[in-house]
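Residue numbers (this note's numbering), protein chains in the order written: chain A, 134 to 417; chain B, 5 to 168; chain C, 46 to 813.
Among the clues, some could well be false.
Derived list of chain C stretches under chain B, where covered just means 3 residues or more per stretch with a C-beta under 8 Å from a C-beta of chain B [claimed, not checked]: (1) 77-89; (2) 237-249; (3) 308-322; (4) 476-486; (5) 741-747.
It is worth saying that the hints were derived from the structure and are not from the lab.
Glycine is no exception: its CB is placed at the ideal position from the N, C-alpha and C atoms.
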Amino acid sequence: MTVTIARTLNAACAALAADPGALVLAGGTDLMVEVNRGGRTVGDVVVIDRVPELQGWDREGDVLRLGASLTYAEMADPALASLVPALAQAARTVGSPQIRAAGTIGGNLATASPAGDTLPVLAALDAEVEIRSHQGHRTVPLDEFVIGVKANDLAPGELIAAVRVPVLDGPQEFLKVGPRNAMVISVASLALVVDRVGRTVRVGLGSVAPVPLRAIEAEVMIAARLDWAGGRSPTIHDVERFAELVADATRPIDDHRGSADYRRHSVGVLARRALVRAFGEPTP
Amino acid sequence: MTGPYGLTVNGRRYEVVDGWAGESLLFVLRERLGLPGSKNACEEGECGSCTVRLDDRLVCSCLVLAAAAADRSVTTVEGLSAGHETGGSLSDVQQAFVDAGAVQCGFCTPGLLMAVDDLLDHDPDPNDLTVREAISGNLCRCTGYGRILDAVDRAALARREART
Amino acid sequence: MSVVSTTLAGGRTRAAGIGESAPRPDGVPKVTGEFAFSSDLWHDRMLWGGTLRSPHPSARIRSVDIGPAVAMTGVHAVLTHEDVPGAATYGLDHPDQPVLAADVVRYGGEPVAIVAADHPETVRRALAAIVVDYEIAEPLVDPSLAEAAPPIHPDGNLLRRIHLRHGDPTAADRHDLVVVEGTYEVGIQDQAFLGPESGLAVPAEDGGVELYVATQWLHVDRDQVAACLGLDPELVRLTLAGVGGAFGAREDLSLHVHLCLLALRTGRPVKMVYGREESFHGHVHRHPAKLWYRHHAEADGTLVRVEARLLFDGGSYASSSGAVIANATCFAAGPYRVPSADVEGVVVRTNNPPCGAMRGFGAVQTCMAHEAQMDRLAVALGMDPVDLRLHNALAPGDRLLTGQVVTGALPVAEVIRTCAGSPSAAVRPDEPMSRPGGAGRTADATHVIRGEALAVGFKNLMFSEGFDDFSEARCELQDGVATITCACAEVGQGFVTLAQQIAREVLSVEEVVLAPIETATIGSAGSTSASRQTWMSGGAVQMACEEVRTTLLVRVAAEYDVPVDDLVLVDGRVCSLSGPLDVDMTAVTIEPVTADVVHRHPPTSPLDADGQGNAHVSFAVSAHRAIVDVDPDLGLVKVVELTTSQDVGRILNPIQALGQLEGGAAQGLGLAVMEEVQLVDGRIRNASFTDYLVPTALDMPPVGVAALIEQPEPGAPFGAKGIGEPPTISSTAAIVAAIREATGLDLPRVPVRPADIALADVAPGGAR
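The following block holds chain A by itself, in its conformation from the complex (with noise of 0.2 Å):
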């Protein structure tokens, strides 16, 4: 077993394309946690948290790109944050101000669990997903990318070298639920993301499926019945349609977490919540 410290992004994907079965290492939020427990037998290890060009973020016109070893903590900074304020609100309900300090972005991304925090905020943001390797690059959706339980469609020898986000003007919210009030797996979470130019809502749901959901139905609904010009708040009645639609896109399961039943209920009020909040307290 050997550790590989990269210092590039090119000597990163030359240790992975050498050795496509290395596994890739930067907060250790995650791979620690199974190396630990002994569930996962270790064989080499490419170390990316000091390759310069995954840290940080950019914007370039109306495009974010964040780099992979981007941190919880980083995604809650004040200037990142007015951009894309769903992402610092979900990086604020990570763990731990120490597990914050060390997981990233891309951690998150090539984990790829149902209740990962950062997911449903990406799959509003319809964010795209930058692919490295030794070959050359590509660029994913996000939905394409997440394609089942703790399954990615990286390949062999590739690796996460940030994802794009839009920048939106119009509100966010992000909302989580869990036992505790601190320190929770989601039981389940929801995203909101309001593009006032583009006259859309997004919303994205973690937990309540294999994978992170859009909850399209309910997305197209409020949009045609939203009074963008004038911006009078929806009615009552097109809130609760709304989160009735939100809920019955949700496909959850029962596990020692919550039950389906549970599920799916909170994250109607967490729409009908997230939807007041951007919008303003319904008009009968």
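Using the hints, position chains B and C against chain A.
Same frame as chain A, but now just chains B and C:
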């Protein structure tokens, strides 16, 4: 076995020669470097008892692959007090924990000291909610956090007074 | 770094005696990271140990093939039940638990084989290489079926039944009484101490073994280990290593025999540390319980009769289940006058993980139920729930369900009144993080309703039912320094501080050294449990110091030809009250003065066939008032404030006392809203801190102390009662009652889960 690598811990350079590559930084600190102050209550990042500073960041050392921290600077609880082994004094946070009765079994204490030291570095006058959020990653089973919060108040006061 | 001695020297900063917040002598090493916990030990040439555990709750073992593990490089020993030289089984009350499973496994996690190797990773691989051929059987997991089911153990499936009958059985045969009935359930709580099971065993030249281990009772461990090793107890020497919390989970053996077997077999020191997942499988849990109650009362609220049926699931081995069900039964009705009662307590054996001691020991489960009953009764009577409790409050001179008359202090009414009357400091939070849902930011202010309720609990202090309980302590005074030797296990509760305070108080010395805690140098101090150590070991230390004091004064009187009655000890000096004699204690203790005492409490009696008898030494009562915020649509709860009053006898160290009240309340909060070991077909589903949730600093509110009622307990050293358990008893009941008040829901089960609130139908007249 993996190749040898160096770690700087509490300002001192160590060479890890016979390590196994899969060892966490926590394991190496405790079992190879004779620094068992950082604790192993869960080894999955859920309790904070292994909290150290890695370069400038507060992290769970159980989730750091030791070899991946090569040449980085680590601060552990043993590094908080200035030359304590040679008769130096406790840090303000350590003294506050002792004075406030915030130590019962003491297993959570090292991790909490690191978290509180880090908090007060960044926020010298935190309110109750800020403190609770800052230590939300450090589980304590004995104290119910009451005396710990009192210790943080005392340490913050001591640190502010030391500055004036 | 070598094995660290646990000698603690302390007390130089100020001479703090009884009643003061003396600092802990181990506080400094604990904050510098130098304090040696049992998982911090290290020895030259040490090997690592590990345990192979059954994945099945019930199975026959057809064969165990250790060959592949033995053949691995770096593996020094692989042992099975065939390698246990002495007794094959051990146990606290009944030795019914195998050291290593022989032909059958009875719970998921039962140890089957052990390995010693040169690195923990080698151990892990060796364990994975052992091939066990299991014939899987259907596990017995429903405790209500246990008595009728085929025995899963030669000792049978009934661990204990107590049928308590008190007073006139026809007392409720009237038509004018108000009757309320309810069935309640308590899930499995885990002690979840932070310091994992761990220790170091070092083989000795005399064929014995030195075991450094974290535990609650050294000597009872030693005796069981010696029996299993087939060794004379003198050859098995236990030293207490630093304990990272206990709460009942270290009363039973865990890795003790395993470590010693490996050390003796390999001839090398062996260290073993359980991971957290293994820890959940490696110790007993709090008993889950189903509790049915029926209360009968007069129209004015006077309790006439209580009937109850308690079913506790003891899991696969007995542990201390017999004592737990006795406690539950004796205290089933709470701290109220109940002239007639029929309470049947049953604890059974199943293939679920073994249950045993956890702080509160049976009274936690029944308190949740009897307090829910009192609240139902108050509603049925149209009475204020606090008034109902005051109306029936026990007082000294009253008779308990066991027929025992309360002869000591028991200020139930005062505890209730002070708690209920204490002003609240709770405000409505502005921050979403302070509302239910916390960091998830799920609730706005309009989504939250607040509830408030009070609950009262009580239980016995100390051991019961005729158990011969004692503690030994030695005091040696030399050169003006007192050395205390007592095997009381310090698990974080602060006995080490108290021992120094007592010695300082009695001997007027400043420096008090605590000798290492080991079986080789002193007899048993009994268990650090049952809120007994302040009384028993504190009493032993007090007695030993007083004997030293007397001996010293006699010596000085003789030497200086002064009447003994004229002499006092003050500030490290021996002085005569009337005369000019004033001599430094150092000068008159060049020759040491020593006393070694065994302290016993007055004997108790067993319970008879009707559960009657003077079975208990003393009692303590506590009350909690809980204020909770509930988000009923999501079922999330934030406990906003806890206020408590407790019957304490006398406070010996205010800061340490506060620590017990706050820490106990946190464990009560955990059981109320988030802590549960989840089983599916006998397997633990959530054996990690990811999914076994203990309260964080964001979950725990401030704990306000309304009153510490100091009515000295006769016969207790310094009049002080143990204070560790009551805070966990009434806190859970108060919190769930407050959630009921907020939501109007019945909530008969703890922990309350979000779905229990969010998906419930609203109770008639409820809040939604």
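Check whether three or more residues of the region 77-89 of chain C sit with their beta carbon closer than 8 Å to a beta carbon of chain B.
holds (count 9)
Do three or more residues of the region 741-747 of chain C come closer than 8 Å to chain B, measuring C-beta to C-beta?
holds (count 5)
Are there three or more residues in the region 237-249 of chain C whose C-beta lies closer than 8 Å to some C-beta of chain B?
holds (count 5)
Between the region 476-486 of chain C and chain B, see if three or more residues pass the 8 Å beta-carbon test, and mark the coverage as holds or violated.
Holds, because 4 residues of the region 476-486 of chain C bring their Cβ atoms closer than 8 Å to Cβ atoms of chain B.
For the region 308-322 of chain C, do three or more residues have a beta carbon lying closer than 8 Å to a beta carbon of chain B?
Per the Cβ count (3), the hint holds.
Checked against the numbered hints listed earlier, the structure breaks none of them; every hint is satisfied.
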